[in-house]
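Please build the complex by placing chain B on the supplied structure of chain A, with the hints as guidance.
Chains A and B, in that order, are what the protein sequence lines are. The opening position of the first sequence corresponds to residue 1 in my numbering, with each subsequent residue numbered one higher. The opening position of the second sequence corresponds to residue 1001 in my numbering, with each subsequent residue numbered one higher.
Worth flagging that the hints you see were computed from the coordinates, not collected in a lab. Please note that the accuracy of each hint is not assured.
Stated by the list, open to error - Not the full set, but computed from the structure, chain A residues with beta-carbon under 7 Å of chain B:
1) K18
2) F20
3) G42
4) L43
5) E56
6) Y64
7) F105
8) S107
9) G108
Even glycine gets a Cβ: it sits at the ideal position worked out from N, Cα and C.
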Amino acid sequence: DVKVTQSSRYLVKRTGEKVFLECVQDMDHENMFWYRQDPGLGLRLIYFSYDVKMKEKGDIPEGYSVSREKKERFSLILESASTNQTSMYLCASSPRGGTNEKLFFGSGTQLSVL
Amino acid sequence: QKEVEQNSGPLSVPEGAIASLNCTYSDRGSQSFFWYRQYSGKSPELIMSIYSNGDKEDGRFTAQLNKASQYVSLLIRDSQPSDSATYLCAVKALSNFGNEKLTFGTGTRLTIIP
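Chain A on its own, in the form it takes in the complex (with noise of 0.2 Å):
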């Protein structure tokens, strides 16, 4: 079976910390995904990445950036934590093409900033 994991299932941090993400899948997916989760809003693209280091921002890349240094990991990293920024990531990974489209996400992080 497919894993992608988180490195932290909650976390909290201060207004102004530098935040990491970290996001790691064992199955050789070229796509990898970055989502935020907030009632009423559903899933949102952050930024994804089709390639080592081959990024695209998404839908709400403002506050964020990504690093993708080797094919398994993927981070997301918050310059400067804002409350803003308080939701549930979700991690996601995809074999690039063909017919096996799905997305296999990881159990989420939810970051609290105060």
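What follows is chain B alone, placed relative to chain A:
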């Protein structure tokens, strides 16, 4: 206008009845459509994908697609309490740089009443 729209619910359906979930999308060029199920406190999981106009059946689930009306639906027959969850409609689109990304609706919360 949101790219993918769903009625947020909650939708309550008696056990054994048919649950009908609806979704509309704005990008007329979209070709791939998905339904994800998300239990409370869990990550989304893929339950159906559909690519061609018409119906696609998988057990108690039927996905329906009408590209002319830009409309996707999910029918759940013989609803069970275990079907109580939030159902997310997702549409695959191309980014400005031609890379594939998945855009989600806000989800419909379904409750099956025993």
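- Message: Quick check on F20 of chain A please, does its C-beta sit within 7 Å of some C-beta on chain B?
- Response: 20 Å, violated
- Task: Against chain B, run the beta carbon of L43 of chain A and see if the smallest gap drops under 7 Å.
- Result: 4 Å, holds
- Item | Cut-off 7 Å, beta-carbon criterion: hint that F105 of chain A touches chain B | Holds, because the Cβ-Cβ distance from F105 of chain A to chain B comes to roughly 4 Å (cut-off 7 Å).
- If you take the shortest Cβ to Cβ gap from S107 of chain A to chain B, is it below 7 Å? This hint holds: S107 of chain A lies near chain B, its Cβ roughly 6 Å from the closest one there, short of 7 Å.
- Message: Checking hints one by one. Is G42 of chain A an interface residue toward chain B, by the C-beta closer than 7 Å rule?
- Response: Since the shortest Cβ distance to chain B is 4 Å, the answer is holds.
- chain B contact restraint on G108 of chain A - CB to CB distance below 7 Å: 6 Å, holds
- Can Y64 of chain A be said to touch chain B, with a Cβ gap under 7 Å? Violated, about 15 Å.
- E56 of chain A as an interface hint toward chain B, with CB separation required under 7 Å: 6 Å, holds
- Message: Would the hint on K18 of chain A be counted as holding, given a Cβ-Cβ threshold of 7 Å to chain B?
- Response: 26 Å, violated
In this structure, the earlier hints numbered 1, 2, 6 are contradicted, and the remaining ones agree with it.
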